[in-house]
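S.K.: Construct the entire structure; sequences and hints are all you get.
If you read the sequences in order, they're chains A and Y. The first sequence maps to residues 506 to 1083 in the working numbering. The second sequence maps to residues 671 to 849 in the working numbering.
Keep in mind that the hints were calculated from the coordinates and are not lab data. A portion of the hints provided could be inaccurate.
[Claimed, not checked] Result set (BS3-like, lysine-lysine): computed pairs, CA atoms no more than 25 Å apart in a straight line:
1. A:LYS613 x A:LYS656
2. A:LYS533 x A:LYS644
3. Y:LYS744 x Y:LYS779
4. A:LYS991 x Y:LYS830
5. A:LYS659 x Y:LYS689
6. Y:LYS779 x A:LYS655
7. Y:LYS779 x Y:LYS830
8. Y:LYS744 x A:LYS703
9. A:LYS703 x Y:LYS779
10. Y:LYS744 x A:LYS661
11. A:LYS523 x A:LYS644
12. A:LYS796 x A:LYS816
13. A:LYS1032 x A:LYS991
14. A:LYS703 x Y:LYS746
15. A:LYS659 x Y:LYS830
16. A:LYS644 x A:LYS656
17. A:LYS1064 x A:LYS1032
18. A:LYS829 x A:LYS808
19. A:LYS796 x A:LYS951
Computed from a predicted structure; not experimentally measured.
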Amino acid sequence: MPEIFIDGKRYEFEGKPKLLQFILDNGKEVPFFCYHPEMSAPANCRQCYVKVGTPVQNRETGEYELDENGERVIRWFPKMQTSCSMEMTDGMVVHTQETSEEVARAQKDTMELILINHPLDCPICDQAGECPLQIQTYKYGPEGSRFEVKKVHKPKRVELGPRVTLDAERCINCTRCVRFTEEISETYQLTIASRGDKNYPITAPGMEFDDPYSLNTVDICPVGALTSTDFRFKARVWEMNQTPSIDITGGKGTNVDLWTRDNLVLRLTPRYNENVNTHWMPDEARMAYTKFNENRISRPSIKADGDNQIKTSWNNAIETFAEKLEAVKPADVLVLGSAHASVEENYALMKTFSTWGVNDFYFSPDVKEGFGDDFLLTDDQAPNTKGVKALGFSETSAEDLKAAIKSAKVVVLLNDELVDRGVLDSEDLKKPYVISLATNETETSKSTDLVIPITCIAEHAASYVNVEGRIQRSLPAKETKYTHRKLDLEMSEGRLDRYGTNFDNWVNEDNKVDCTPTWELMNNLGKRLGLSIQFGTSREIMDEIASSNSSFEGVSYEKMDDENGIQLTGMNKEEVSA
Amino acid sequence: MANNYEFTPEDLKEIETIKAKFPEVMPATLPTLWVAQRRFGHVEPEVQHLVAETLDLPVSHVHGVATFYTQYYKEKMGKYVLDVCTTTSCQLCGGYDMLHYLENKLGIKAGETTKDGMFSIQSVECLGACGYAPMMQITNDVYVNNLTEEKLDDVIESLKADKMPEFESVGMPQHTERS
Ligand code: SF4
Ligand code: SF4
Ligand code: FES
Ligand code: FES
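M.R.: Right under this line is the structure:
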C-alpha cells in the first residue's frame, strides 16, 4: 500500500487523497481558510503551507536512491506547497508547522498578510468565538502587525439579499461563498468584484442574493464577513448552548443545532450528517426557531363563554378531558395523530386511546406538490410522515376527515395546524367537542374547545422518521416550567446557565413554557381514566416501540446517537406516497 | 433588468467568431466585453447584463470580470478618457503637474467627466512607458509621451476637433546608437 511520512510518522493511504484532508482525517492540524471538503480547492488563501518532498527514484530500476546513511534521498519541492491542493504520492515526505520552523514561519507570514487590512473588530463581530481567523491567529499568527499605515476601508453593511448582510472589510477573499453558489446551490449569484485590496463578494448589479440556500454561506465564511441578517448582533457565541436536533419544517430530516440562551432558541445551524444533509440546510428551515419561542401555549385553556378561551388549571384540563371522554363511547371519539409530532408522541396517544377502546387512528398528510427540489427541500412539509404511518395511523383526505369530524362527538387532535394549512375550516370544528394538544397558538388551537400545551421539539427528546425512512432524534434544548438543565442529563449547559442564577437580570422565567410532553399528559389522563398504562421517558418509550413494532426493530436512542440516525429496514424513498 | 442596449448583427457575428476560438464560452467574456465597450463606449451594468445574456453566462461572472479590469469603463465616460500616469517615474518627472494642469484646464477633477461629455480624466498607475515620463494614454489607445503643458494644449485642441494624436514612436537607446 502506498505510504506517506508526515512529521516523521508513517501513514498508509489508498487512492489519491489530498494532503490537507488526509492530515485532518488523521487527527492532525494544519491551519486553512479557503479549503472546504465539499467544494473545489482553488488554493487561494495560502494558509495551509507545508513542506513537501518526494523520494528520488532510479528511473530504470524504480528503486529509491539512498544516501551514505542508507536513508532515502528526498527531493524537496523548491517552495512551500498548499496542502489542500497537493495530491499525495507514494513515499512522499511532509513537514507541517509541528516539525518545521520554516513552515511555521511561512504560515505566520501568510497570516500577517491576510490581516494587513483586516479590521479586527472582534468585539463587535458576530463571528468572534467561532472564527477560524481569530482562532488560527492565536495559534499560528504573528503577535502584531508591522503595517502601520491606515487600513483600507470597505463597506460595513451591504445587504446582499434578504437574509445575508456583508461586512466587506472582514472578507479575506477565500471565495468559499462564491464557490458555494457555483458548485452547491448552482445559482451563480455571487462573484468577487474588483481586485487587489479593494475586492469583495457581491451580486451582479441589480440582482439579489436570494438563493434558497443563501445562509449556508454565512456558516462557511471563515470570518465575520457574511452575517445572517436575522441573527446579527443578537448574541455572543459563547453565551449560547448548542443542542443537536432535527429540522421539522420538511421531510428531509436535516440535522441541525439549536442555539439557546436563557431558554430562547436564537438560531439554527446545520449539523453534519453525511447520510442526510452533509454540511447544508435550506434557509426556509432556519426560521423555525421563532415557533419555539413565540406564540407558545403556556398553561391549558378552555372555551368558557362563546368562543372565548380562558386559562385553566392542569387539574381542570385533565378532569374536563376525562369527563368529555366518559360521556361518550370510544366509537364516537376521533383521534388524530400528526406527522408534525414525533414517533413517541403519536405512540403514546395511540396506545392510550386504544387501551381505552378506540380502534381507528388517522392523520392528515401535509404535502405541497412541487415544493421540493432535488436537494434538501421536500414536497412533504412534515418531519414524521413515515413515522406516523409506521405506527399504524391511516392517511385521510380532507373530505374524509371533514365527514369523520362531523359524525364524531369528541375529537382529539395532536399538534397539527389543520385550519391554518387549509385542510379544515374553523367551522368544521364547531360541532364536536375538540381537544387539541398543541405547542403554538394558531387558528387551529383557537377553534378548539380545550387546548393542552405540549412540549415542542426544542423541549423534548423524541424521534422523527424522514422521507427516506431514516429515524433520527432530538435532544431537549430549552427548559419548560417542569424541567431543569442541571437535573436532566440530556440537556447541555452553557456558560451563562452554569454560572448564572435566577436573580440575574438576563434571566426571564417567562421563557420557560408551562407545558408537558404528550406522554406525561397521557399518563395523567390514563391514571384519571383508570387505564393500565404508564409511560416512562421517551427513551423508554422508544425501547417499547422497538420491541412491539417490527418497523422499528433494533431502534434505540443509543444506536441513533452512535450512528447519527438509523435507516429503518423496509422503508425507502420510493415508498413515500402522497 | 430591462435592457436599452442591443448588439448590432455585425457585433453578434463578431461575438460568434470569438466564441469559436475557445472550447468553452467563459474565456469569450473578455473579448466580448471589448466588443461591447467599443459599441457603447462603456460596460455599465445594463451592458454587462447584455453580454451575459448574449454569451449565456451568469451575470455575476461578467460583473466580476468587468470590475477586475480597470480598462473596462463601468460607467459612462467622456468621449476621450485621459489616463495620466502618476506612478513613480512619471511622478518624479512631473506627472502630478501634468494631471493638475489638465484638471485646471478642463475644470474637472481626476475621476470626473466634463459637462459636454468630451473628456474624462483619470489618474492611473504605471502604463509601462516609464522611459518617456511623464505620459498619458487616451481612451485605452494612443500613448502621449514626454508631456509638457504645451503638448497637452495641443492634444486637447486636436481632440476637440476629433483628431486623435498620432502614435509617437520613441526610439530605444540601443536603436538610437545603432542608427
Ligand atoms: S472575522 Fe474574526 S478576526 Fe475578524 S473581526 Fe471578526 S472575529 Fe475578529
Ligand atoms: S465573504 Fe467570507 S466566504 Fe466569501 S470570500 Fe469573503 S471571506 Fe470568503
Ligand atoms: S486552504 Fe490551502 S490555500 Fe487555502
Ligand atoms: S511610471 Fe508612468 S509609465 Fe511607468
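S.K.: Would you mind marking each hint as holding or not holding in the structure?
M.R.: These are the hints, each one checked on the structure:
no. : hint                  : verdict
1   : A:LYS613 x A:LYS656   : holds, 20 Å
2   : A:LYS533 x A:LYS644   : holds, 14 Å
3   : Y:LYS744 x Y:LYS779   : holds, 18 Å
4   : A:LYS991 x Y:LYS830   : violated, 83 Å
5   : A:LYS659 x Y:LYS689   : violated, 36 Å
6   : Y:LYS779 x A:LYS655   : holds, 24 Å
7   : Y:LYS779 x Y:LYS830   : holds, 19 Å
8   : Y:LYS744 x A:LYS703   : holds, 15 Å
9   : A:LYS703 x Y:LYS779   : holds, 22 Å
10  : Y:LYS744 x A:LYS661   : holds, 22 Å
11  : A:LYS523 x A:LYS644   : holds, 23 Å
12  : A:LYS796 x A:LYS816   : holds, 21 Å
13  : A:LYS1032 x A:LYS991  : violated, 29 Å
14  : A:LYS703 x Y:LYS746   : holds, 21 Å
15  : A:LYS659 x Y:LYS830   : violated, 38 Å
16  : A:LYS644 x A:LYS656   : holds, 23 Å
17  : A:LYS1064 x A:LYS1032 : violated, 32 Å
18  : A:LYS829 x A:LYS808   : holds, 14 Å
19  : A:LYS796 x A:LYS951   : holds, 16 Å
The structure fails hints 4, 5, 13, 15 and 17 (numbered hints given earlier, in ascending order).
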